[in-house]
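*Asks:* Turn these sequences into a full structure, and let the hints guide you.
Protein chains: 2
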Amino acid sequence: MSITKSLRGMAHISSLLFAVTYIHVANGSASDPEAPSVRAPSQIIAEAQTKDWRQVKPDNLLLLELPGGQVLIELAEQFAPGHVANVRRLAEQGFYDGLAMYRVIDGFVAQGGDQSEQRATGEAKRTIPAEFTTRTISSDDFTVLPGPDGYAPETGFSGGFPAARDPKSGQVWMPHCYGAVAMARGAGADSGGTDFYIVIGPAQRYLDRNTTVFGRVLNGMSAVQQLARGTSAGGVLEKPEQNRIARARIASQLPPAAQPDVQVMRTDSASFAELIRARQNRPESWFLHRPNHVDVCAVGVPVRVNED
Amino acid sequence: MSITKSLRGMAHISSLLFAVTYIHVANGSASDPEAPSVRAPSQIIAEAQTKDWRQVKPDNLLLLELPGGQVLIELAEQFAPGHVANVRRLAEQGFYDGLAMYRVIDGFVAQGGDQSEQRATGEAKRTIPAEFTTRTISSDDFTVLPGPDGYAPETGFSGGFPAARDPKSGQVWMPHCYGAVAMARGAGADSGGTDFYIVIGPAQRYLDRNTTVFGRVLNGMSAVQQLARGTSAGGVLEKPEQNRIARARIASQLPPAAQPDVQVMRTDSASFAELIRARQNRPESWFLHRPNHVDVCAVGVPVRVNED
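First to last, the sequence lines map onto chains A and B. Under our numbering, the first residue of the first sequence carries the number 809, and numbering increases by one thereafter. Under our numbering, the first residue of the second sequence carries the number 809, and numbering increases by one thereafter.
Keep in mind the hints are simulated off the structure, nothing from the lab. Take the hints with a grain of salt, since some may be wrong.
Any copy, or any two copies together, can satisfy a pair, since identical chains are not distinguished.
SDA-like mimics (lysine to any residue), calculated; alpha carbons at most 25 Å apart, straight line [to be verified]:
#1 K865 <-> P1048
#2 K976 <-> H1101
#3 K1047 <-> E1115
#4 K1047 <-> A1036
#5 K976 <-> R1098
#6 K976 <-> A843
#7 K976 <-> P1099
#8 K976 <-> H1097
#9 K865 <-> T942
#10 K1047 <-> R1085
#11 K933 <-> L1096
#12 K976 <-> L1096
#13 K976 <-> N1089
#14 K865 <-> S947
#15 K865 <-> D1069
#16 K865 <-> P975
#17 K865 <-> P1063
#18 K1047 <-> Q878
#19 K976 <-> A1036
#20 K976 <-> G958
#21 K976 <-> S946
*Replies:* See below:
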């Protein structure tokens, strides 16, 4: 493993949110009495200790090769085991190779898979039971985010993923944040299984609990944004081959040396707890107003991709 | 004016949010007892009467020519009159022509203007006083959105723009939703005046009241998304000329026949009130869970561009 580290994707974005202007970057200091006593997000991420990061399992890492580059998706086994197993099997078999992201609507989603519904699913299934929510995540595995959320009784993080839950029912689910990966479906709850979509604009929280979110993009959202948009009413492309999926694989299929080395910040770590506080009230002196709030999709779970 | 109408940009997006999957589109019906008694968003928009739409004034319509196409921005005079006047003057003088969107961070913002700070501002100013909030919008001009919002005491809509307010202080401001256009600034509140940014990812609400939001993109976000992303730490491009602004003009400078014919749904109309209810609880039978909530950035103020 190389010691050359680069922060990428969501974390990269997150670490830069504060530098809105030119090159001005300032940290909170004693001369800024209103600044909260936390470090700046970029500093928290840069200084997080090894124990605060979790290595993404190669079995849970889906590599999607799009015209604009590679997209790294972490599959969220604990939230949607059936969906993860099915998509893993499909990718391993090469099901998605040569298919396309055939429906892309700016500010909404990019959807891909088998538009024709003709390709053989082999050991996988075309439709599988919905996993809109799960009851198998214990309350110990949930870092609660304070503050109101109109879409869910409670929000927070679990296992490195944004999450929401209903304490009464014990149900937990992943919200439709930027970069969320979910299964498309037809009229019935259990009608999806192969075609997935990625949220490419504002959070689409009203879709929460209407589809199964089973992962999130860790790196490569800019390749998703480069996809051609559909021009028809439903966003379906006239020439879907523009958005060809050259290949989709699970990292564990690759030789070890070729497997991406990706880490996600542990959402039950002290670093992450401080990051939440820093996002609620940014300490950098550039900020003149601090809302004392952050929503679940705006925290950004940091990711780092180690490159050789 | 042509009777050929096309829904574009945010409205186009909004009207399609429900069709997540294939081509399945179903309306709520008597056989779906839980569906609320509102029409589907797409139907509300399609059937809105002429009086429910407001023509965008050519004086408030900024046309930005990017490599990926034209971007239409409505300038929000009532929220930030000083910023609108300055940007209008800059565009009229050709200040932005040949400059670039020189800082682009995926999932965050695309920033453009005079990176060198060398170009003459003519009758306009390089820096102008901040207009983070305004007290000149009367409470009659504010359609309140029910439900909690962690970033503001109250949210809603005013004059066709998403808005937030503090009823105690009477301050009103525009939130950083997808497509919001705001002025970049340095360390001080009054340090911006020429360089602007567009929100290209999830809402960046923590920036509310930290910068002056002075408009929003009505059409052409896909051209903004096609911009090259910066690869340096701060998102600044090594070759900003990739993202060249060929031209920025105010529509009123063009011959009448060349001025885009754009309308925005009146946010104080009956159609818009119904649209809010429909977004809180989508009536289409596809939806199996209805949150009874919508956040200010997820409503989507409908836009239509009439094309000859």
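*Asks:* Classify it for me, K976 with A1036: is the Cα-Cα distance of at most 25 Å met within a copy, between copies, both or neither?
*Replies:* Close neither inside one copy (43 Å) nor across copies (46 Å); limit 25 Å.
*Asks:* Within a copy, between copies, both or neither: where do K976 and G958 come within 25 Å Cα-Cα?
*Replies:* Classified as both: same-chain Cα gap 16 Å, cross-chain 22 Å, threshold 25 Å.
*Asks:* For K865 vs D1069, is the C-alpha pair at or below 25 Å within one copy, between two copies, both, or neither?
*Replies:* The answer is within: 9 Å in one copy meets 25 Å, while 53 Å across copies does not.
*Asks:* I want to check one pair: K865 and P1063. Are their C-alpha atoms no more than 25 Å apart within a copy, between two copies, both, or neither?
*Replies:* This pair counts as within: shortest intra-copy Cα distance 14 Å, inter-copy 60 Å.
*Asks:* Reference check for the pair K1047 and Q878, CA-CA at most 25 Å: within, between, both, or neither?
*Replies:* both (21 Å within a copy, 22 Å between copies)
*Asks:* Can you give me the call for K976 and P1099, within, between, both or neither, at a CA distance of at most 25 Å?
*Replies:* between (29 Å within a copy, 16 Å between copies)
*Asks:* Can you give me the call for K976 and L1096, within, between, both or neither, at a CA distance of at most 25 Å?
*Replies:* between (39 Å within a copy, 19 Å between copies)
*Asks:* How would you classify K976 and H1101 at a CA-CA limit of 25 Å: within, between, both, or neither?
*Replies:* So K976 and H1101 pass the 25 Å test inside a copy (24 Å) and across (19 Å) alike.
*Asks:* Is it within, between, both, or neither for K865 and P975, if the alpha carbons may be no more than 25 Å apart?
*Replies:* neither (29 Å within a copy, 49 Å between copies)
*Asks:* Cα distance capped at 25 Å. Does K1047 pair with A1036 within a copy, between copies, both, or neither?
*Replies:* both (9 Å within a copy, 23 Å between copies)
*Asks:* How would you classify K865 and T942 at a CA-CA limit of 25 Å: within, between, both, or neither?
*Replies:* Close inside one copy (21 Å), not across copies (50 Å); limit 25 Å.
*Asks:* Are the CA atoms of K976 and H1097 at most 25 Å apart within a copy, between copies, both, or neither?
*Replies:* between (35 Å within a copy, 17 Å between copies)
When held up to the earlier numbered hints, the structure conflicts with 1, 10, 16, 19 and fits the remainder.
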